[in-house]
Structures are given as C-alpha cells and as structure tokens.
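J.: Kindly produce the complete structure, drawing on both the sequences and the hints.
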Amino acid sequence: MSDLPAGVERRRFDGEKRLATQGPPVYGEPTADGWRAWDARRSKLGAMLETGMDTGLAGGETVLYLGAASGTTVSHVADFAGPTYAIEFAARPARDLLDASAPRDRLFPLLKDARTPETYAHVVEPVDVVIQDVATRGQAAVANANARFLDEGGLLLAAIKARSEDVVADPSAVFERELDTLRETYEILETARLEPFHEDHLGVVARRRA
Amino acid sequence: MSDETGGWFADATPDEPERASAAIRQRSADAPGDWSTRAVDAGFAADETAYYDALHEATLAATRTAVREAERADDQQLMHAVRAMDDCERTANELAERLHEWAGSLFAGAGTGIDGARDVADRDPDGPAEERAVALAERVVELADEAADLRAHIERTAPEVAPNLATLAGPVLAARLIALAGGLESLAKKPAGTIQVLGAEDALFAHLRGRAPSPKHGVIYVHEYVRGTREEDRGSAARALAGKLAIAARGDHYRGEFNPAIERQLEERMATIRARGEADE
Ligand SMILES: C[S@@+](CC[C@H](N)C(=O)[O-])C[C@H]1O[C@@H](n2cnc3c(N)ncnc32)[C@H](O)[C@@H]1O
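Chains A and C supply the protein sequences, listed in that same order. Final position of the first sequence in our numbering is 210; the numbers increase by one with none missing. Final position of the second sequence in our numbering is 281; the numbers increase by one with none missing.
Treat each hint with caution, since some may be false.
Sample of chain A residues at the chain C side, in silico, Cβ under 7 Å [unchecked claim]:
no.	residue
1	R95
2	P103
3	D105
4	F108
5	P109
6	L111
7	E118
8	T119
9	V123
10	E125
11	F149
Okay, the calculated beta carbon distance ranges per label pair [stated by the list, open to error]:
no.	chain 1	residue 1	chain 2	residue 2	range
12	A	D14	C	R255	34 to 40 Å
13	A	G153	C	D11	46 to 52 Å
14	C	D41	A	E152	22 to 28 Å
Honestly, the hints are just simulated from the structure, not real lab data. All values derive from a computational prediction rather than experimental measurement. Heads up, the beta-carbon is just placed ideally off N, CA and C, and yes, glycines get one too.
T.: Next comes the structure, spelled out in structure tokens:
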C-alpha cells in the first residue's frame, strides 16, 4: 500500500479506521479531535486512496479540481493541499461549494465549464495536479483540454464513469476508448476499478507527456 | 498599475471587489500564467499571501454572483419551455381539427382530437390522398408528444426555479405565471390583485373602457381552489390564492427557500371560504 499524502491519516471514528483530514466539516461527516472522516463511498479520490492506488500525492500541491459539485471531495483536498481551484458548472451544487470554500482560505470556487479552460485560465495558475470527476460525456477530452495547466510530468488523477459515456456498452470497452483518448496527452501510470466504493468507475493516474 | 498579460487582476485593485469579481466572471485567457508572481510584480498585492487572500475573496464573490445569475437565468428557460409547450399543444389541436375534417372524408369512423389523430396515424394509407392524411396525423402525434415531453421538463425544473410557487400553483401554472409576468423577478414585484388577473388582460381592458365587469381571475382559474369553488365564492377564492401566490413569488425570488407555512395558511383560508357554501346548503 502506498503512502498517504501528508495531512491525510487513517483515524478511528466510532471504532472504525477511516481516512481523515483536518478542517471544518462539510457534509455531515463524523469528526473527532479536529479531524473529519473522508467517506470513500462519496468520493472517487477517497476510493483511489482506499484501494491503494499510487496517486503520487505528497501533500501541499497546487491543485485544479474539475467537477467539484457541492465540495465533498475538494474540501478534503484543500485540507491537505496548497492553493486549490475548484471548477463546477452547475449552479445548485455550486451554492454548497461556496459554503465549503468560505472557511478554507486557499480553496477558490469557480462556476465554469471544464470544457472551456480559457474561461478560467486568467485565474488558475499552472498546477502540480489536475483532479477530475466530471461524470459527463467526453471525460478524456476534458482532461486533454485541461492539460495546459500542467507542466511536463504533472499529474492527472481522474475518475472515469462508464455510464456517462455510454449507458449500454460494456464498461471495459468504454474505459479502453477513453484511455486511448487520454494517451494523446498523457502517459497512463496506473488504472484500477473503484469497486466496491463506486460501480463502473475507473480510477486513472497519468502523467502529462512532453 | 497594469498587467498586460491578462490575469484577472489586470485592471483592479484589491479594494475594488466588484471589479475583481466581474473580471473573474467575464475575462478569459488562452493559457494560465504565474498569476501570483505577476500580481506581486505589478503591485496588485504586496506578497503571495496577500494575493491569495484577495483571490479567495474575489472567487467567492464572483461565484456567488454567477450562481445567482444562473438561477435567475433559469426562469428564462422555464418561460421558453412553457411557451413552447403551449404552442405545441395549440398547434397540435388545431391541426387535429383540420385532420379530423379531412380524415372524415377518407376513413369511416375517424375520431376527433389527438386521439383521433393517433388512430389515423396507425392506418395503412391507400392512395396519395390517404398517404398525406396519415403523414399529417403522424406530425400531429409528434407535436402532442413533444408537448408532453416539454411538460415533463417543466415539472422537473419549475420546483428548482420557484419552489414555493410550484408547490402552491403546481409546476405548470407556476411556469405560466412567470411567463405572463415576464420573469420571476417581475412576478415578485406585482401586487396580488395583478397576479389574480394575469392572463385576463383582454377582459381587464374591456372593463377599464367601461364595457365589461372586472375579471375575477386570469390563468389561475385552472387552479383547483378557483375552479372547484362555487360561483358566488370564486372571487374570494381567487383573491386568497393570488395573495399567497404573491408571497410565494417574493419568497422564491428574494430568498429562494421553501416555506411550508404559505401552503398551510392558504389551506386554512380556503377551508373558511368553502365552509360558507356548505353553511348555505
Ligand atoms: C460525480 S459529480 C462530482 C462529485 C465531486 N467530485 C465529489 O466527489 O465531491 C460530477 C460533477 O461534475 C459536474 N460537471 C459535469 N460536467 C462538467 C463540466 N463540463 N464542467 C464543470 N463541471 C461539470 C457536474 O455538475 C457534477 O456536479
């Protein structure tokens, strides 16, 4: 099992060891001693860490997070990372994202479409890691378009949802096609299914190519 | 101070949160830049810490505004959808009438309305005239189906846009009131008496010119509380409903939160109005 990033620990909540970060609670998760449990069933990145994928995260990185929704995962990310930009395009969840961002002074919420990076490139700096969970059609294309925020060797941590691409096709076939598209811009380092935490999701660790 | 590179802070200073927020929402750049360094170099922020503090404030403000705008824009979508639904229904019905006349001369026992059109659409045409009539029937059915899909879409979105109004009026009537007023904001600014007669503008102008009694209700007539109340009390029922709809619209526009008390109060008021009728019997 690979190391957890600094700022993420396994701690006991109600007798159960779970991932946790330090920060103000966001979604009613259990807390103890200033730590809050990180629910892997509600977070693809949490599941990637739980299943032992080597995310390459050490803690303190600058992060561009695509598909922030109401801030469940990105709030944990901001707890252990450096400046974190959170992109979400739906207004409803973005309202809750504002509440998660207000007490985190290095979490920057942006109501923008991840398919048009030029609408936020005037705000977002080059980052160490792009984390993506957009669950919409064309997920690999979104990751490719946002490669401009990574230097060569920069990391992509993506969750790919099979059903977002095609509700009937076999998930493995969908994953292969998406990975092929990703290879235009990235070198794939590791992939793993996120079961039992998330069905028909593939976790991907990739590195930006030259 | 100015930064020619196109960062969000290019023509703002940290004490102008409005401008910074507008720049975040409206500007763009092809590629990211080392904005924190450049902002310090350009004199926008004293150091990196001050830069990120200003960015935090500006992104919160920009996103708060963008969320509010997006939610307000949703009432525009709802208006388009309900108008399109009404057009589809009206056109489908008009064409069904035309079809009924035509089909009556071609097929025995052709029914009326959309159901009649469905029957005709299922027939095997014999000859060029029947072919056209059946093809027209298919178009009528498609239009009616589109109206149904639009209705489903409105039912899904109206509670998001106007939770109180959709609860009180039902999603479709809520959408229609918003469309008649020209938006949720202008509906929220209308007095209850105006909401009561929205959609009865012709009758209202006739009344103002002294040619007709004042209308008791506009589109809210379709509401069970109005239609289902006996004639003598319908005016009171329409007034009571319109009063609560006005409160609901204001709640939806200014607060955007659901308030179950409005519906309870309306139920009580309606019970009182309808009790009069029962007492008279
Ligand atoms: C599965 S949810 C993300 C959950 C979130 N990552 C978490 O774990 O807390 C997917 C989100 O991506 C957003 N999304 C989909 N397409 C997007 C796009 N093109 N740009 C920005 N956000 C998008 C959706 O609105 C939705 O909120």
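J.: Hints first: check each against the structure and report whether it holds.
T.: Hints, one by one, checked against the model:
1. R95: Constraint on A:R95 satisfied, holds at 6 Å.
2. P103: violated (11 Å)
3. D105: Hint holds; A:D105 Cβ to chain C Cβ min 5 Å, cut 7 Å.
4. F108: holds (4 Å)
5. P109: holds (5 Å)
6. L111: With Cβ-Cβ at 4 Å, under 7 Å, it holds.
7. E118: Holds, about 5 Å.
8. T119: holds (5 Å)
9. V123: holds (5 Å)
10. E125: Holds - the Cβ of A:E125 comes within 7 Å of chain C, reaching about 5 Å at its closest.
11. F149: Status holds, d = 5 Å.
12. A:D14 x C:R255: 34 to 40 Å: For A:D14 and C:R255 the Cβ distance comes to about 37 Å; the hint holds.
13. A:G153 x C:D11: 46 to 52 Å: Violated, since A:G153 and C:D11 (Cβ atoms, about 35 Å apart) do not stay within the stated range.
14. C:D41 x A:E152: 22 to 28 Å: Given range 22 to 28 Å: holds, Cβ gap about 25 Å.
Hints 2, 13, counting from the list given before, are not met by this structure.
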